[in-house]
Amino acid sequence: MNRNKLLTLFVSNLSNAVVHKILENAIDIPEISERYNKEIINSWNIAKRYREKINPVEKELADKEIQEIRKRIVNKVKSELRIRIEKGYENIDLESVEEVVEEVLKEMKIR
Amino acid sequence: MVNNEITIIGRISRGSKMDQIYLPKRRIGFIPGEYVIISPLVNHLGEKELSVKLNFYGLKKLEPVKVNLIEEIVKRIRNKVKVDNIIFTGSFLEKGFRFNDIDILLISESEKSIEISLIKKEIEEFSGIKPHLICLSNKTLSSGLSNDPLYNLMLSKCVSLNKIIFNVKRKINYKLLDLNLLKSKNLIENFNMLNGDEKYYLTLNMVSILMFIQNKKLSKEIVEKEIEKLFDIKINDLKGNMIEESFILKYKEIFNKTFSLVLDNIKGEERK
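Chains as they are written, first to last, in the numbering used here: chain W, 54 to 164; chain P, 16 to 287.
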C-alpha cells in the first residue's frame, strides 16, 4: 500500500476515533463509561495498525505532513459532527475538536 | 436462620420495597411474631462449602469441562469478593474450544471497590485462560438491557450464578445507538485490512442495531440468520473472511439506512 493511501486510511480512522470521543461526552447516560464494551475492533486500534506502517514509525512526521494530517482530521470530524447537529443532535462540543485532535496526534506519535 | 434447636437455610430474595427470606409454611418452630437472628451462611459452614447452582440462558448444552470451570471460577471469586451475581458470556459458551478468553460480569452495588486485577490473575493462573472481567452495578446492567442492543445480544446466551431479570422494557436511546453504530463504519473504509472475525463482529453490531430500532427480538442466532438473509451469505464464510468485495455495497446500503433511522430519531429524542 502506498504512503498516500496509508495516510488517508490513518486519517479516516483517527477521525472516527475523535468523533467517538466527542459523542461519548454528548450522551446523557451517566453510567455510559461503566458500560461493558469489549470492542475487539475500534477505530483507534485500526489507526494504530496504519500508523505502524507509516515511516518514521517511532518519530514525529515532517512538519508539513503533520499540518496536513491535522487539517484533514479536523475537517473530517467537524463535517461528521455537523451532520448530526443539523439533524438536531444537541450537546456536541464543536469547539473541543482541535484540542482532542492534538491529544490523539500526540498519542499516535505523529507530533 | 438460626435458633438454639433448629436451623433453616434461606435465600434472600429481592422485593419491590424490601427484600425478604421465605420460610416454608410447614416447619417446626419459627412462629410468626417470634424474633430471629439472621446471619450469613458462610459464618456457619465456611465459604468453601457454599454450593454453586448455575442458571443457564439461551444454552441448549454446555460441555461438562466448561461447567466445571465456571463452578470453580465462581467459588474462587466468591472467596475473594461479595457480589450480587456473576455472569459468564461470550465465545466461551459457544460449542467447542475456539474461544480466546472468558467474559465475566461481576454484578455488585459496591462495584468500584472490587479489585479486578487480583481476581483476573487468579483465574488466569489456575485455568490458563485469560478472563475479560468487568464490574457493573445492577442499575447499569438493567439500563444496558433496556437500551443497548449489545447487552441484549450478550445476555441472550449466558450462565449466571443468580437469576437475571430480563423483563426490562426496551427504551431506545438514539445517541447511544449512534455511538455504537460508528464502530461499524470501519468496515466500509477498511474492508481489506480486517479479518473475518472483525468483519463478522461489525456486521453483527450494525444489524443488531437495526433490529433493535425495528423492535425485533435479539439473540445471536436471530441476528446471524438476519445477516445471512440480508447479505445472502453464510455466517461461516463471513467469519472465515471468504466474502466478495460486493458485500460492501449491500453493507453500505444497510449502514446508511440504519444511520438515517438513528439520526432522524435523535431529533425527536431531543424534543422530548
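Just so you know, the hints here were simulated from the structure itself, not pulled from any lab data.
The structure displayed is predicted, hence computed values, not measured ones.
Among these hints, one or two may not hold up.
Selected chain P positions facing chain W (in silico; Cβ < 10 angstroms) [what the hints assert, rightly or not]:
hint	residue
1	Leu77
2	Val80
3	Leu84
Every beta carbon over 12 angstroms from chain P, so not counted as near; a handful from chain W, in silico [to be verified]:
hint	residue
4	Asn66
5	Glu77
6	Leu114
7	Glu118
8	Ile136
9	Glu139
10	Lys140
11	Val153
Partner residues are not named here, just some residues of chain P that face chain W (Cβ under 7 angstroms, in silico) [to be verified]:
hint	residue
12	Ile187
13	Ser234
14	Lys235
Every residue gets a Cβ at the ideal spot worked out from N, C-alpha and C, and that includes glycine.
Status of the hints after comparison with the structure:
With its C-beta approaching chain W no nearer than about 21 angstroms, Leu77(P) sits outside the 10 angstroms limit, and its interface hint is violated. Because the smallest distance between the Cβ of Val80(P) and any Cβ of chain W comes to about 24 angstroms, over 10 angstroms, the interface hint for this residue is violated. Checking Leu84(P) against chain W: minimum C-beta separation of about 20 angstroms lies over 10 angstroms; hint violated. Its beta-carbon lying about 7 angstroms from the closest one in chain P, Asn66(W) breaks the requirement of being farther than 12 angstroms from that chain.
Residue placement check: Glu77(W) does not keep its beta carbon more than 12 angstroms from all beta carbons of chain P (closest about 6 angstroms). Every CB of chain P is more than 12 angstroms from the CB of Leu114(W) (nearest about 20 angstroms), matching its label as outside the interface. Once the 12 angstroms rule is applied to beta carbons, Glu118(W) is consistent with being away from chain P; the minimum gap is 20 angstroms. Not every beta carbon of chain P lies more than 12 angstroms from that of Ile136(W), the smallest distance being close to 7 angstroms; the non-interface claim is violated.
Here Glu139(W) does not stay apart from chain P, with its beta-carbon only about 9 angstroms from theirs, under the 12 angstroms limit. Look at Lys140(W): its CB is around 4 angstroms from the nearest CB on chain P, not clear of 12 angstroms, so calling it non-interface is violated. No Cβ of chain P approaches the Cβ of Val153(W) within 12 angstroms, the least distance being about 15 angstroms, so the stated non-interface status holds. Residue-level restraint check for Ile187(P) is violated (minimum Cβ-Cβ distance to chain W is 12 angstroms; threshold 7 angstroms).
The interface hint given for Ser234(P) is broken, as the beta carbon of that residue sits about 17 angstroms from the closest beta carbon of chain W, more than 7 angstroms. The criterion of a C-beta within 7 angstroms of any C-beta in chain W is not met by Lys235(P), whose closest approach is roughly 14 angstroms, and the hint is violated.
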